[in-house]
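Dock chain C against chain A, hints included.
Here the protein sequences come in this chain order: A and C. Just so we're aligned, residue 1 is where the first sequence starts under our numbering, counting upward by one. Just so we're aligned, residue 1001 is where the second sequence starts under our numbering, counting upward by one.
It should be emphasised that the hints constitute simulated quantities derived from the structure, not laboratory data. All values reported here derive from a predicted model rather than from experimental measurement. Where a beta carbon is used, it is the ideal one built from N, C-alpha and C, also for glycine. Among the hints, erroneous ones may be present.
Stated by the list, open to error - Footprint (simulated), chain A over chain C, 3 or more residues, beta carbon under 8 Å: (1) 1041-1050; (2) 1131-1138; (3) 1152-1164.
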Amino acid sequence: MSASSVVRPPRRVARPGIPISRVLIYFCSLLIVIWSVGPFLWQLSTSLQLDRDLIGDQPKLLPIPICFDHFVNIFVAKSFQRYIFNSLVVAGVSTLLCLVIGAVAAYALARLDIRGRFGVLGFVLAVSMFPQIAVVAPLYVLASNLGWLDTYRVLIVVYLALGLPFVIWVLFGHFRTIPTTLDEAARLDGARPLTIFFRIIVPIALPGIVTTGLLSFIAAWNEFMFALAFTSDIDRQTVPVGIANFTDLHYVPWGDIAAASVVVTFPLVALVLIFQRKIISGITGGAVKE
Amino acid sequence: MPVARTLTQVHVESGMRFPRWRPGAWLLLVPALGAIGAVSVYPVLLGLWLSFRNTTLSSPDDAFIGVSNYQQLLADGQFWNAWGHTIEFTGASTLLETIIGLGMALVLTERFLGRGIVRAAMLIPWAIPTVVTSKMFGWLFDGQHGLVNYLARIFGLIHTNINWYGSPEFALPTIVMADVWKTTPFMALLLLAGLQTIPRSLTEAASIDGANPWQQFWMVRFPLLAPSLLIAAMFRALDAFRIFDLVYVLTGGGPADSTEVLSTLTYKNLFSALQFGYGSALSTLMFVTEIIIAVGFGIFLLKRFREVKL
Chain A
1 MSASSVVRPP RRVARPGIPI SRVLIYFCSL LIVIWSVGPF LWQLSTSLQL
51 DRDLIGDQPK LLPIPICFDH FVNIFVAKSF QRYIFNSLVV AGVSTLLCLV
101 IGAVAAYALA RLDIRGRFGV LGFVLAVSMF PQIAVVAPLY VLASNLGWLD
151 TYRVLIVVYL ALGLPFVIWV LFGHFRTIPT TLDEAARLDG ARPLTIFFRI
201 IVPIALPGIV TTGLLSFIAA WNEFMFALAF TSDIDRQTVP VGIANFTDLH
251 YVPWGDIAAA SVVVTFPLVA LVLIFQRKII SGITGGAVKE
Chain C
1001 MPVARTLTQV HVESGMRFPR WRPGAWLLLV PALGAIGAVS VYPVLLGLWL
1051 SFRNTTLSSP DDAFIGVSNY QQLLADGQFW NAWGHTIEFT GASTLLETII
1101 GLGMALVLTE RFLGRGIVRA AMLIPWAIPT VVTSKMFGWL FDGQHGLVNY
1151 LARIFGLIHT NINWYGSPEF ALPTIVMADV WKTTPFMALL LLAGLQTIPR
1201 SLTEAASIDG ANPWQQFWMV RFPLLAPSLL IAAMFRALDA FRIFDLVYVL
1251 TGGGPADSTE VLSTLTYKNL FSALQFGYGS ALSTLMFVTE IIIAVGFGIF
1301 LLKRFREVKL
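This is chain C alone, in the form it adopts within the complex:
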């Protein structure tokens, strides 16, 4: 996400002149590109290759089998189950985090005493390891002794304890809540950055013209914020789509596969069933879906930017 902001700055500054020193410059990139190539690019290609083989670590099988992994995958109910949960999770968490994050950001654009403290506090959920977040929500939402059940009973929201992540109907929403808790403040800080680039004079002018705060938001701030909002939402969606830690630690994909997502399903195929060929086909499909999401957002953004320019 931070790169999203830098991207816009780069465009602004790209008119800068650069000193010439050609021969050695690329050499300075070699270590970085080498590491990225060895740990990200080469393995992705190797994974693609594996996805056309029936490699299993528990048996000597290792032969080219064409696209049959993919055929098997598309006919696999577990795959579609996990695919559905991943889309649900990605959609719900991105939407909630963007909306609540925008609300938080709007609060923080106001000047008030202690604003710095609020902003500092918002970094805490982001800094906490996701595994700790999972355990924390595991305890908060515990079916017997969880604080959430207790508070909900006291306030009369529920009569009997809910077995949050232990029941198929509430497990995925609990995971969404944990993710929303962890990521929304971060989203809010990104959107705050976007809001602060909008000159105050614009909203002030609108208010002098008689616009109420609601109109000021929808007519002035929101249209100007829309590109940063979309970029932030895109990075969030791409990130949410690969959710692994929260699910793996909190529910392990259960109960009754009700929280199985693509990453956890892939991980199980790889490291429990040791089916490296089949698992690689799964992860390759995930990869393709990510590209589709990114390209989709990209086209949408380009269209918008073009409209703004005209």
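Next up, chain A with everything else stripped away, as it sits in the complex:
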């Protein structure tokens, strides 16, 4: 017998009744997984079922016989690809702008000598708490005066500004964790602040920047109210507006809705599962450990 059996690890002492509590833990975590994944799986199954099975007396859990009519339907009859394209443009461009502008601001706040740094951060935080309904009407008036209604521009600018507080705060946190000695060494070599930013800070913080970008992309991709208010033409409407409008006059096309939900959610779910560790540390400020 080795020494380890003599010096027992403290955790065993800490938890005497392990078997029962283990079972309980696994049971609870199973419930959490069902909670999180169940409704989406049901949506997936629904999207693959025949309409007559959906309105039968007894719901079928599995899509047998499998049918792809709903997917064909949303692309052929409902031009769903148009909404997807619009969403990609709006969310993509606004996220890129948001990252550039937000990262520069976060850099200035985290690494340069700015009086009232915390005042600026507090202001940015307060702005992110504004109820969006309070700005939608004035912005509508402004956009209409500028002739910006039904354009990509208006949504890009709005999503840029809505995303900035989040990006600034998260990247501020990231940049503060990079040792300042790096900046100092570069400054002694004669580098200007923006050079330091692009050559040193950005490369080091790149993983965090990518995750932050992913989170703000998801936020822009999912935004509904401004898209609803500012666009009325399918050529500019985004995915959430498209899905919200998926209602026929006499019945609700649950199968088509489910198919559209799966199409727009699947990439998000995939991205989230791939980047899960980074996302969790992004949204919790790096506090969740393995």
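Here is chain C on its own, set in the frame of chain A:
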């Protein structure tokens, strides 16, 4: 919510020294502050201005009318109806999400096989667009063919189908359930972050002293977690208070205005009735309520922090 965590870190690190480079530093903030100013601050002020006018987009009316929008609002039954639902929704969803989220977080602090998978799965409800969540719950809770009715019948919980969001009594609870589904896992991850900052040695010490898990939680973990719990609950409450997507897509405020909340009522006043003056008065009042909630929590938190320090 993520900012809440960063806030605490900032305080820890604020003793750091900063290199001096004053003139240009503010210039780097100009694009960001300009965008935020143009899209958030200026419109809020413009909205305040609009709220004192009788602007309607469907008529040439556009004159200063003092506080009469607000007077009309306070006498408006629809406003108080929506106000009540918003408070109910905010209270119920924040409370449920905090309690269930704490439960989930406690499960996840334990080490077990597959914990990473559980945590990854928990991000799915958060990532799904709210509009999709609405439609998803619309289908799950469908009065005729919904899976929830079917399962509840099989397990003998109900005898006949419930017309969940189609009936005034169950519509708001259905919306609360949809929101709890979507947001609780996210809340749990935030609270998990808080729990993990509590050193394991503390609970271990308590258990060596003979504290059972229940006592360990209430005597050791809970008091230490309380500040993060309150901050998370505050951000959640502020967010819940502005609920729009779920209600607008699932019920549109119906049936019989039983799920009308302040955001949907404001939106209808703005974009259906085109009453920009009156709608702006509504949104300004919402804004004021948000400030009151935030300040209330803020004072409470400050008091607590001061107690902890002493």
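Violations among the numbered hints, reported as their numbers in ascending order: Going through the list in order, the structure violates hint 3 alone and respects the others.
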